[in-house]
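S.K.: Protein chains in written order, with my numbering: chain A, 6 to 88; chain B, 5 to 620.
Calculated from the structure, these hints are not laboratory results.
Keep in mind the model is a prediction, meaning the values are calculated, not measured.
Any given hint might turn out to be false.
Covered by chain A, according to a simulated footprint, are these stretches of chain B (three or more residues, beta-carbon under 8 Å) [what the hints assert, rightly or not]:
1. 100-109
2. 190-197
3. 374-384
4. 400-414
Glycine is no exception: its CB is placed at the ideal position from the N, C-alpha and C atoms.
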Amino acid sequence: MLSPTFPLSRLAPEQRGTIESVDWAALSEPEAKRLREFGIDDGVAVEMVHRATLGGGPIACRIGRMTVALRRRVADAVHVVPA
Amino acid sequence: MTPAPLVALVGNPNAGKSALFNALTGARQKVGNYPGVTVERHAGRSELPDGRPVELLDLPGTYSLDPASPDERVTRNVVLGELAGERRPDALIVVVDAGNLDNHLRFVLQLKALGLPMVVALNMVDLATRDGLELDPEKLASALGLPVVPTVAVRRRGLDELRAALHEALRRGPRAVPAASAIADLRSLQREARSIAAAAIMSETATRRLGNRFDRIALHPVSGSALLLVMLFVIFQAVFAWSEAPIGWIESGMAALGEGAAAVLPNGFFQSLIVDGVIAGVGGVVVFLPQILILFAFILLLEASGYMVRAAFLMDRLMASAGLSGRAFIPLLSSFACAIPGMMATRSIDDEKDRLTTILIAPLMTCSARLPVYTIIIGAFIPDRAMGPGIGLQGLVLFALYLAGIVGAFVAALVLRRTVTKGASSGFMLEMPRYQWPHARDLLLGLWQRAAAFLKRAGSIILVTTIVLWALLTFPQAPEGQNQVEYSAAGRIANGIEVVVAPIGFNRDIALALLPAMAAREVAVAAIGTVYAVEDSESEGGQATIREQLQGRWSLPTALAFLAWFVFAPQCISTIAVARRETNGWKWPAFMVGYLFALAYVAAGLTYWIATAAGL
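Using the sequences plus the hints, can you model the full thing?
M.R.: This is the structure in C-alpha cells:
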C-alpha cells in the first residue's frame, strides 16, 4: 500500500482526514447499515472531535457535516488518509 | 364527506421535525399508540391556506426506509401504507436540516421515489447561516424536482409558505416515478445527495464552531464527568427540594377531598371504597407528580439542548462494562423518579436485548416512592450522629441505599447479559446533534404530554389495584371485638407470607405491610402505622408515634433488613403492568418480579443475619 492509511480511531483530536476505505466485512449488518446512514463512504472528509487518551470509550468525530459517536471497534474498520 | 387529508412529517433524527410539528399544530395534538407496538403516535390538526383542515402525523425520525428499531419500522410502514389501522398519508413533508444537507437529502431522495406528493422543509436555516453556510433554496428545488420551503420551526418562520406549498402539492396529486428508482442503494443515493448539496451551497465560510470547543470539555473523561456529576447533583437537589411544597399541597388537597367525601357519603362500604380505596390510592401516586415533572423538565431541557447525547457518550464506557450501551443512561436516570417513565423511555434503544435488560434493571434505581420508607426507618433507628463536617450518619445510610441500588443494577445487568438476555454487544452509534437553545413552548408541550401519559397509565392501573387491595383488607368483615386487619383476606395472606419472611427477621406487621406496598411502596409505612393504630387504640396517630412504635417493636437488625429489602424490593403493581406493556407479554415481568424478590430476600436475609451476629 502506498498511501499511509490508518484507522479512524487513531486520528488525533482536531486532526482531519479523508476516508480511504471501509472494512465492511469487520462490521455486523446493523453496524454497516448505520455507518452508511451516517454517510460514511470513500472520499468523505472526517475530523476527530474527541478521543480519550487513555483506555477505550467511544470516540466522537465529524463525518461530512455531522458529528457522530462510535465505539472504537467500529471506528477501527474505517481507514483514513490524514489531511 | 371525505376525511381531511393525512400529511406525515418525516425526516432524519435531529432535523427539528417535532419542533416543526409543534409549530404547525400548536397544542392541538393527540398522543396515542400505534396498534400492536409501543411507539407513540403524535397526531394533530392544521389548516391549508383555504381553511381546509389537514391531519398531521409526526413520524419517528429515521435515516432510511430500512428500519433498525420499532420506531423506524413504524415510519417505514406508515409511509408505504403497510401499517394496519393507519391510512397511507396523502402527502409528505420531509424535514431536512439545512446545515446537514449532505446527509439529510439522501432520505429525501429515497422518499421521493415513492411518488407521494411531497414538500421539503429546509429547516434550521438560521443555524446554517450561523455556521457560515449560504444556501440557494431555488437551486435545491430544481435539482430535487420538489418544492423547497426554508423554515425555522422554533421561530415559527416559513410556516405559511409551507402550508401554501403543501396545498399545491396536494392539489397536483401523486407524481409519476420511474419504477426502478425505488431500489437505488444507500450508497448511490448518498453520492447523489452530496452532489445536490454541493450545488445548493452558494458559499461556505469556515467558522470556529463554538459547540466543538464546548465538546472538548463536555466529552472529556475528567472534565466531562465532573460537569455531568454537577448537573446530576443539581437535578436531584431540585427534584427533592422544589417538590416539597407542591407535594404538601397535593397531600392536603387529597386529605380535604377524602374528608369531604366522607362527610357527604353515608357510612359504609361505599364510603370506605371511595375514601380509603380510590382517593387515598390514586392520591398516593399523584403525589409523585411534582418530582416527576421536575425531573422530566430537566431531561427535556438536556435533550432539547443536545447535551443528553453527550451524557450518553460519557456513560457509554461504564455502561459497556455492564453489557449495556450509553443509551440506557436516560431511562435509568428517569427511573430515579419513577420506573414507569423510565421503562417508557427505553423505546429509543434499538437493540431488543439491550432494551429488555434496561427494563429489567430499571426498578433497581431507587424511585422516589421508596424515599418515605427510607426516611422513616432511618429516622427511627439510625442515630443522628455527625461522621465528619457536613456528613451525618443518617445521610450516609441514605446515600448507601441509593448506591446499593445502582451497584445492584450493574451486577444484575452483567449477569443478565451473560444469561437470559445474552447477545452480541449492541454497540453505540449515535448522531450528536448541534447544541441549541431549547424553546420554552416545545418544552412545556413535551412536559404536558409526558405528565398526561404518566397520569393516564399509572392512574388507571393504580385505581384498579387499590380497589382490589381495599377489598382484600375489608373483606371478610370481622365480627365484633376482632381486629379487622387480622381477620381480612389480606391478614390471612400475611399469615402465609410471615412463614416465608420470618427467617430474614421480618415480623408479622411487616408481612402485612408488604401486601399494600405492592400497590405503592410508600404505603408500607402507612400500613404499619394503621396496624399499630388499630392494635393500640389508646395511642394517638401521627408520625411521632409510628416512630416510637417502631423503636419499641422492631430490633435494629429487623429495621436494617427491612431497608435492604426495599432497595431491591418487588416493584409496585403499576411498574409490573408497564413492564408487561413494554415487553408485550407476561414472561419478562414475571421473570423480573421473581429475580427481584429473590434478590430482596437474600439481601434482607444477609443484612439480618450479619447484623444479628454482630450483636446490633
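S.K.: Are at least 3 residues of the stretch 374-384 of chain B within less than 8 Å of chain A when you compare beta carbons?
M.R.: With 0 residues close enough to chain A, the hint is violated.
S.K.: Using a Cβ cutoff of 8 Å, are there at least 3 residues of the stretch 400-414 of chain B near chain A, or does the coverage claim fail?
M.R.: With 0 residues closer than 8 Å to chain A, the stretch 400-414 of chain B misses the three-residue bar; violated.
S.K.: Can the stretch 190-197 of chain B be counted as covered by chain A under the rule of three residues or more with Cβ-Cβ separation shorter than 8 Å?
M.R.: Since three or more residues must qualify, the claim that chain A covers the stretch 190-197 of chain B holds, with 4 doing so at under 8 Å.
S.K.: Tell me if chain A covers the stretch 100-109 of chain B under the three-residue, 8 Å CB rule, please?
M.R.: holds (count 5)
Of the hints listed earlier, those the structure fails to meet are numbers 3, 4, in rising order.
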